[in-house]
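K.L.:
Quick note, the sequences are listed as chains S and B, same order. UniProt numbering puts the first residue of the first sequence at 1, with every later residue one more than the last. UniProt numbering puts the first residue of the second sequence at 1, with every later residue one more than the last.
Be careful, since some hints might not be right.
[Unchecked claim] Computed cross-link-like contacts, BS3-like style, restricted to lysine-lysine with a CA-CA straight-line distance of at most 27 angstroms: (1) B:Lys189 to S:Lys208; (2) B:Lys5 to S:Lys110; (3) S:Lys10 to B:Lys8; (4) S:Lys12 to B:Lys8; (5) B:Lys5 to S:Lys10; (6) B:Lys8 to S:Lys110; (7) B:Lys218 to S:Lys110; (8) B:Lys96 to S:Lys208; (9) S:Lys110 to B:Lys189; (10) B:Lys189 to S:Lys264; (11) S:Lys68 to S:Lys208; (12) B:Lys102 to S:Lys6; (13) B:Lys102 to B:Lys5.
[As the list claims (entries may be wrong)] So these bits of chain S aren't anywhere near chain B, every CB distance computed over 10 angstroms: (14) Arg2; (15) Asp51; (16) Ala126; (17) Gln155; (18) Phe165; (19) Asp201; (20) Phe222; (21) Glu237; (22) Ile287.
[As the list claims (entries may be wrong)] Computed footprint of chain B on chain S, listed as stretches where at least three residues anywhere in the stretch have a Cβ under 8 angstroms from a Cβ of chain B: (23) 68-81; (24) 99-113; (25) 245-252.
It should be emphasised that the hints constitute simulated quantities derived from the structure, not laboratory data. Ideal Cβ positions, reconstructed from N, Cα and C, are used throughout, including at glycine.
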Amino acid sequence: MREFAKQWNKNKYPYMFIAPAVLLLVVFSIIPIIIALVISFTNMDLIGLADYSNIRGVGLDNYINIFKDPVFLKSLFNTFIYVIVGVPLVVICAMAVALLLNYGTSWLFKTFRVIYYMPSITNIVAVAVVWGYLYNGSYGLFNYMLSWFGIPAQQWLQDPTLAKFSLILLALWKAIGLNMIIFLAALQGIPRSYYEAAEIDGATGWKKLRYITIPLLSFATFFVTITTLIGWIQFFEEPFVMTKGGPLNATMSLALFIYNNGFKLSNFGYAASGSFVLFVIIILATIVQFAVRKKEVEY
Amino acid sequence: MAVKKIEKGVMIALLILGGILMMVPFIWMLGSSFKPENEFTAIPPTIIPHHPTWNNYSRLFTEMDFLVYLKNTLIIVICSFVGLLLNALAGYAFAKFEFPGKNGFFYLILATMMIPGQVTMIPTYLIINKMGLVNTMAGIVLPGLVGAFGIFLFRQFMATIPTDLMEAARLDGAGEFRIFFRLILPIVKPVFAVQAILTFIGAWNSFLWPLIIANDEKLYTLSVGLSLLKGQYGTEFGLQMAGAAFMVIPIIIIFTFFQKHIIEGYTISGMK
């Protein structure tokens, strides 16, 4: 006992320092994972929330039913489209902007660095309100700009196919800034001597980009690809505030499907099983990414 | 040399063109927020209003409760700063103390970074509900108060502080809390400032969780209020644009002031 008291006295401060953070994270991040797993095997809904004795175990039913749910399958397909279109677009645009911004050091380049970053920090609801008006079929700026080139007005958010791409465009606009900063930090870490050596060997601008810059950016590219991929798999806010998943569920994402089932329909058990499907997809995607990268290094 | 000049010219032209495209939504928002009602249906649309008016902005406060939303948002911002301090304390303990279970706790914290928000959303709501905190400010603030990423960044930065410094302060009889507040915090000011700005931006923009937890309009944040406005006044673009501008402009001003630190902050945090 004396030994324990001595130990405690010695370590009391670090425990006191980490206690609030650890406690909050355990209550609001670790325990929820366990609860989510448990209720995903039950029929928990509003009635169950009011009185726990109404909750019944349903085994794997939620998981079986969800793969028969046409809205879920649709949201799975949409999320797939978001990922395969969105991820390359974000990576390529962010890298291109970073390369442009890294070209000079004058005030002009510094100012534009701020301008490109700005959309990243703005509020999603405010952005949705503004873009909703830009996309407006009758009074919106985009249709007016199209009319300069003689292109007829588009139903940006009402057309099932186009609506998906309208949301991707908005998310791309918002995502460039943060990722461009990561590329920029990596670009500034490349030693000048590499380029000087290449110049002596007669390498031109394009060759330097192809054989020095892009290979040396591979870690940043990997980092951006992984975070962007995870982000797009969880695509939520844009469809939530812009289209509510419509028209005809054409913009419904997995995350929005989970939200709707949880908080609109109060099917907590069903939604929790959906969230675990999402979790597994994220883990698989991340493992594949790491596997591909490992192969790359070996070559 | 001439080729180099042309190349640079092309680069700058591309940069400016892209920059203008990025700015279009902001310009459109700002211009439209000053338009009187009858100018919204004008074809072709006007970028700069012909008859600018403050009316849209004043309606936010007379017809909508934007003052209440602003107050709630500011409360969340202040609470998030308390959370920031808790992150710093935890980061400090992980960086500068040896204690049993240190690594275990640290990995536990890191693990929470990998859990998607959608998985914890519903159980966290159930926990908040069980605690009786639905529809309270505490329920809005508590789940997001501390974050693994913040703790991690503080730890990385604080690990570089020489331990001798703390030993010297201890010999002078300073208490542990005094050392943290009077010695450590001033040293980590740069990284603290970056995190403070990012925390401010995050709290100011908080949307989904307040929307889930707050049923009462008295607890709405600016984002929630704005989404309400989008639903109820869907055709009143002036009011919507003014609301959006009211949310976005303070952030842009703060960001322009501190952008150098934020952008450098990413470089410090070892993103290279």
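K.L.:
Output the numbers, in ascending order, of every earlier hint that fails for this structure.
P.N.:
As far as the earlier hints go, 1, 3, 4, 5, 7, 8, 10, 11, 13, 16, 21, 23 and 25 are violated by this structure, in ascending order.
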